[in-house]
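Sequences listed follow chains A and B, in order.
Residue 71 is where the first sequence starts when you use our numbering, and the numbers rise one by one after that.
Residue 21 is where the second sequence starts when you use our numbering, and the numbers rise one by one after that.
If you are wondering where the hints come from, they were derived from the structure by calculation, not from laboratory data.
Fair warning: there could be bad hints in the mix.
For each label pair, taking beta carbons as the anchor points, the in silico distance ranges come out as [unchecked claim]:
| no. | chain 1 | residue 1 | chain 2 | residue 2 | range |
| --- | --- | --- | --- | --- | --- |
| 1 | A | Phe310 | B | Val220 | 51 to 57 Å |
| 2 | A | Asp244 | B | Leu83 | 18 to 24 Å |
| 3 | B | Glu203 | A | Tyr165 | 53 to 59 Å |
| 4 | B | Gly73 | A | Gly240 | 19 to 25 Å |
Capping the alpha-carbon separation at 25 Å, the derived lysine-lysine pairs in BS3-like fashion look like this [as the list claims (entries may be wrong)]:
| no. | chain 1 | residue 1 | chain 2 | residue 2 |
| --- | --- | --- | --- | --- |
| 5 | A | Lys218 | A | Lys200 |
| 6 | B | Lys31 | B | Lys152 |
| 7 | B | Lys213 | B | Lys100 |
| 8 | B | Lys93 | A | Lys156 |
| 9 | A | Lys227 | B | Lys119 |
| 10 | B | Lys175 | B | Lys31 |
| 11 | B | Lys119 | B | Lys152 |
| 12 | B | Lys121 | B | Lys100 |
| 13 | B | Lys119 | A | Lys298 |
| 14 | A | Lys327 | B | Lys93 |
| 15 | B | Lys213 | A | Lys234 |
| 16 | A | Lys261 | A | Lys298 |
| 17 | A | Lys331 | A | Lys117 |
| 18 | A | Lys327 | A | Lys298 |
| 19 | B | Lys121 | A | Lys298 |
| 20 | A | Lys327 | B | Lys213 |
| 21 | A | Lys173 | A | Lys331 |
| 22 | B | Lys100 | A | Lys328 |
| 23 | B | Lys119 | A | Lys331 |
| 24 | B | Lys175 | A | Lys298 |
| 25 | A | Lys260 | A | Lys298 |
| 26 | A | Lys260 | A | Lys200 |
| 27 | A | Lys331 | B | Lys100 |
| 28 | B | Lys175 | A | Lys327 |
| 29 | B | Lys119 | A | Lys156 |
| 30 | B | Lys93 | B | Lys74 |
| 31 | A | Lys261 | A | Lys328 |
| 32 | A | Lys227 | A | Lys200 |
Sample of chain A residues lacking proximity to chain B, with all beta carbon distances greater than 10 Å (derived) [stated by the list, open to error]:
| no. | residue |
| --- | --- |
| 33 | Pro80 |
| 34 | Glu81 |
| 35 | Ser104 |
| 36 | Lys200 |
| 37 | Tyr221 |
| 38 | Phe288 |
| 39 | Ile289 |
| 40 | Tyr290 |
Remember, it's a predicted structure, so these values are computed and weren't measured experimentally.
Think of the CB as a built atom: it goes at the ideal place given N, C-alpha and C, for glycine as much as any other residue.
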Amino acid sequence: MSTTDDISLPELNELIILVRQIHGFDFSNYTKASLKRRVLRIMQLKKLAFWELKNVLTNDQLFFQQFLDEITVNVTEMFRDPSFYKALNTQVLPYLATFQHIKIWSAGCSSGEEPYSLSILMQEAGLKSKSFIYGTDINAEMLGQAKKGIYSLRNIKSYAENYKQAGLPGTLTDHFTIMYDAASVHNELKKNTLFSVHNLISDNVFNEFQMITCRNVFIYFDSELQDKILEVFYNSLCSFGFLCLGSKETIRSEYYKKRLKVVNSRENIYQKIG
Amino acid sequence: MANNTTNQLIKRLQSAEILLLGGSAGSFMPIFNLVRSIPQNHSQPIVVVIHRGKNNFSDIENLFGDNCRILVKEISDKDKIAGGHVYIAPANYHTLFEKGKTFALDVSEHVWYSKPSIDVTFESAADAYGDKCAAILFSGANQDGARGLLKLRDKGGLTIIQDPKDAEMHVMPQAAVDINAGEFILTSEQILKFMCESFVITTQP
Chain A
71 MSTTDDISLP ELNELIILVR QIHGFDFSNY TKASLKRRVL RIMQLKKLAF WELKNVLTND
131 QLFFQQFLDE ITVNVTEMFR DPSFYKALNT QVLPYLATFQ HIKIWSAGCS SGEEPYSLSI
191 LMQEAGLKSK SFIYGTDINA EMLGQAKKGI YSLRNIKSYA ENYKQAGLPG TLTDHFTIMY
251 DAASVHNELK KNTLFSVHNL ISDNVFNEFQ MITCRNVFIY FDSELQDKIL EVFYNSLCSF
311 GFLCLGSKET IRSEYYKKRL KVVNSRENIY QKIG
Chain B
21 MANNTTNQLI KRLQSAEILL LGGSAGSFMP IFNLVRSIPQ NHSQPIVVVI HRGKNNFSDI
81 ENLFGDNCRI LVKEISDKDK IAGGHVYIAP ANYHTLFEKG KTFALDVSEH VWYSKPSIDV
141 TFESAADAYG DKCAAILFSG ANQDGARGLL KLRDKGGLTI IQDPKDAEMH VMPQAAVDIN
201 AGEFILTSEQ ILKFMCESFV ITTQP
């Protein structure tokens with residue numbers, strides 16, 4: 071068995087402490103099972119044994135940025151879970167339409183697929199001109215891609231199926247300019263979008279929103295950290311604003327269950343009450 | 021199979037804290053028949069990982085739910101793992117195990133073009149349960165599951181492979197046989213028979 075094949079739980083904890091002490095990033099409330107897979111993946115990609123990984127993390131400041139970019143999962147899709155976008159269209163947008171401005175925060179947006187999906191949804195609903203979409207992520211490199219709004223044609227083809235299933239008019243490619251093997255999102259969809267770095271664990275409320283989407287981010291956190299971030303979201307929502315979690319993520323905290331009403335239990339859409 | 025081997029297999033099936041069933045193309049019927057035969061009050065949690073397309077949820081849950089005596093549940097993140105349940109790995113997520121007997125989901129890269137990946141679930145179970153885990157790998161058209169099954173076997177878990185000759189698609193079980201990941205290689209009929217025998221004894225008062 072090669073050295074990169076496995077690490078133990080004590081070794082993982084050792085790494086968490088090292089990263090916290092040297093770089094000030096705290097992964098101690100991350101789900102251990104998936105964090106371990108990410109660390110193993112980095113060791114494989116960079117061809118490092120565990121002791122070598124600790125060594126470069128300690129001595130190479132530039133390596134830490136790469137480590138941070140790889141430790142976070144950046145897998146996303148446009149219109150991931152088409153049924154979610156259908157639910158937004160029928161249950162949430164009519165309500166949002168009554169607000170003067172619609173500010174949306176896509177938290178943990180990675181390379182921007184979700185903010186642009188929301189931008190398309192708002193455009194199709196005729197709400198684009200009064201909406202503003204903020205995409206944030208801990209990973210600056212991914213945000214760079216998000217700002218560009220250029221995706222491989224291969225990805226766009228697989229997203230197009232989601233788009234169709236979401237029941238939206240026309241096809242996904244109507245919203246893109248195709249250039250050889252890439253597709254660039256139309257400029258009008260980029261209007262009223264802003265991408266910036268935000269760390270859910272250490273950063274705080276920065277604006278008031280009518281809707282916050284944070285889908286498939288909570289799965290990487292333990293319940294204590296989830297509650298801490300829920301507090302940030304709750305305090306960032308206007309009265310009767312909406313919070314959307316991933317389709318397999320539910321609010322378990324009794325405190326927030328009382329303050330966030332279930333709008334759609336299958337898609338985990340909540341509305342701030344009281 | 022010799023009588024004492026059979027008894028040993030059944031005993032180990034019974035003593036496992038958790039049972040994992042994995043498969044892809046051609047695995048639905050053998051897994052379905054097995055889950056259908058589980059008694060209502062069965063104390064061992066059972067986790068099913070079957071490859072499927074990303075947007076077709078609930079079909080497996082409904083089919084299982086309508087035909088089984090045991091509770092069938094599609095896994096949500098941080099669900100507590102309890103006996104009396106068959107848990108189905110959701111489409112477009114990997115299913116992992118977290119300390120304190122809870123599930124943890126993950127949307128990271130596909131493994132063997134699959135999400136859920138059987139390897140990911142088996143490997144994580146090897147970490148969380150070690151030798152207290154039993155796993156069966158059924159029919160399938162790619163090599164997902166073999167590596168995870170081997171890791172489980174290395175950690176002392178009970179590993180069973182559906183005989184590739186008996187499987188509708190032999191690639192998946194054959195990949196596991198090739199790396200010697202299975203302690204037992206059985207037909208789906210034998211698997212069903214031994215499982216049923218293990219159920220009968222576990223559910224006696």
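Now for the hints, and whether the structure bears them out:
Against the hinted window of 51 to 57 Å, the Cβ-Cβ separation of A:Phe310 and B:Val220 comes to about 56 Å, which satisfies the hint. For A:Asp244 and B:Leu83, the Cβ-Cβ distance of about 37 Å falls outside the hinted range of 18 to 24 Å, so the restraint is violated. A beta carbon spacing of about 57 Å between B:Glu203 and A:Tyr165 agrees with the range 53 to 59 Å that was offered as a hint. Distance hint check: the CB atoms of B:Gly73 and A:Gly240 are about 23 Å apart, consistent with the given range 19 to 25 Å.
Straight-line distance between C-alpha atoms of A:Lys218 and A:Lys200 comes to about 22 Å, which keeps the hinted pair within the 25 Å bound. Taking the CA atoms of B:Lys31 and B:Lys152, the gap is near 12 Å; set against the 25 Å cutoff, the hint holds. For the suggested pair B:Lys213 and B:Lys100, the alpha carbons sit about 29 Å apart, so the restraint of at most 25 Å is broken. At most 25 Å may separate the alpha-carbon atoms for a hinted pair to count; B:Lys93 and A:Lys156 meet this at roughly 24 Å.
The straight-line distance between the Cα atoms of A:Lys227 and B:Lys119 is roughly 39 Å, outside the 25 Å bound, and the hint therefore fails. Between the alpha carbons of B:Lys175 and B:Lys31 the distance comes to roughly 18 Å, so the proposed pair stays at or under 25 Å and holds. For the hint pairing B:Lys119 with B:Lys152, the CA-to-CA distance comes to about 14 Å; that is within 25 Å, so the pair holds. Between B:Lys121 and B:Lys100, the direct Cα distance comes to roughly 6 Å. Compliance with the 25 Å bound is thereby established for this hinted pair.
The suggested pairing of B:Lys119 with A:Lys298 holds, with an alpha-carbon distance near 21 Å, which does not exceed 25 Å. About 22 Å separates the Cα atoms of A:Lys327 and B:Lys93, which keeps this hinted pair within 25 Å; it holds. As the CA atoms of B:Lys213 and A:Lys234 are separated by approximately 45 Å, the hinted pair breaks the 25 Å bound. Between the alpha carbons of A:Lys261 and A:Lys298 the distance comes to roughly 32 Å, so the proposed pair goes past 25 Å and is violated.
Proximity of A:Lys331 to A:Lys117 is assessed by CA-CA distance (about 48 Å); at most 25 Å being required, the pair is judged violated. The hinted pair formed by A:Lys327 and A:Lys298 meets the criterion: a straight-line CA distance of about 14 Å does not exceed 25 Å. A C-alpha spacing of about 23 Å is found between B:Lys121 and A:Lys298, which places the hinted pair at or below 25 Å, so the restraint holds. Annotation: proposed proximity of A:Lys327 to B:Lys213 is violated, straight-line Cα distance about 46 Å (limit 25 Å).
For a cut-off of 25 Å, the pair hint linking A:Lys173 to A:Lys331 stands: about 20 Å separates their Cα positions. Taking the CA atoms of B:Lys100 and A:Lys328, the gap is near 22 Å; set against the 25 Å cutoff, the hint holds. Distance hint between B:Lys119 and A:Lys331 is unfulfilled; the C-alpha atoms sit about 30 Å from each other, more than 25 Å. Straight-line distance between C-alpha atoms of B:Lys175 and A:Lys298 comes to about 36 Å, which puts the hinted pair past the 25 Å bound.
Between A:Lys260 and A:Lys298 the CA atoms are separated by roughly 31 Å; this puts the pair beyond 25 Å, and the hint is violated. For the given pair, A:Lys260 sits about 14 Å from A:Lys200 by alpha-carbon distance, which is consistent with the 25 Å threshold. Distance hint between A:Lys331 and B:Lys100 is fulfilled; the C-alpha atoms sit about 23 Å from each other, no more than 25 Å. Pair hint B:Lys175 plus A:Lys327 does not hold up; C-alpha atoms about 40 Å apart against a cutoff of 25 Å.
Taking the CA atoms of B:Lys119 and A:Lys156, the gap is near 36 Å; set against the 25 Å cutoff, the hint is violated. Note on B:Lys93 and B:Lys74: the hinted pairing holds, with a Cα-Cα distance of about 18 Å set against a maximum of 25 Å. Note on A:Lys261 and A:Lys328: the hinted pairing is violated, with a Cα-Cα distance of about 36 Å set against a maximum of 25 Å. Only pairs whose Cα atoms come within 25 Å are accepted, and A:Lys227 paired with A:Lys200 is rejected, the gap being roughly 29 Å.
At roughly 13 Å from the closest C-beta of chain B, the C-beta of A:Pro80 stays outside 10 Å, upholding its exclusion from the interface. Residue placement check: A:Glu81 keeps its beta carbon more than 10 Å from all beta carbons of chain B (closest about 12 Å). Non-interface call for A:Ser104 relative to chain B: violated, since the shortest CB-CB distance, roughly 4 Å, does not exceed 10 Å. Distance check for A:Lys200 against chain B: the nearest CB is about 31 Å away, which clears 10 Å, and the non-interface claim stands.
Against the 10 Å criterion, A:Tyr221 stays outside the reach of chain B, whose nearest CB is about 17 Å from its own CB. With a minimum CB-CB distance of about 7 Å to chain B, A:Phe288 fails to clear the 10 Å threshold, and the non-interface call is violated. Remark: the non-interface label on A:Ile289 conflicts with the geometry, its nearest Cβ contact in chain B lying 5 Å away (cut-off 10 Å). Non-interface call for A:Tyr290 relative to chain B: violated, since the shortest CB-CB distance, roughly 8 Å, does not exceed 10 Å.
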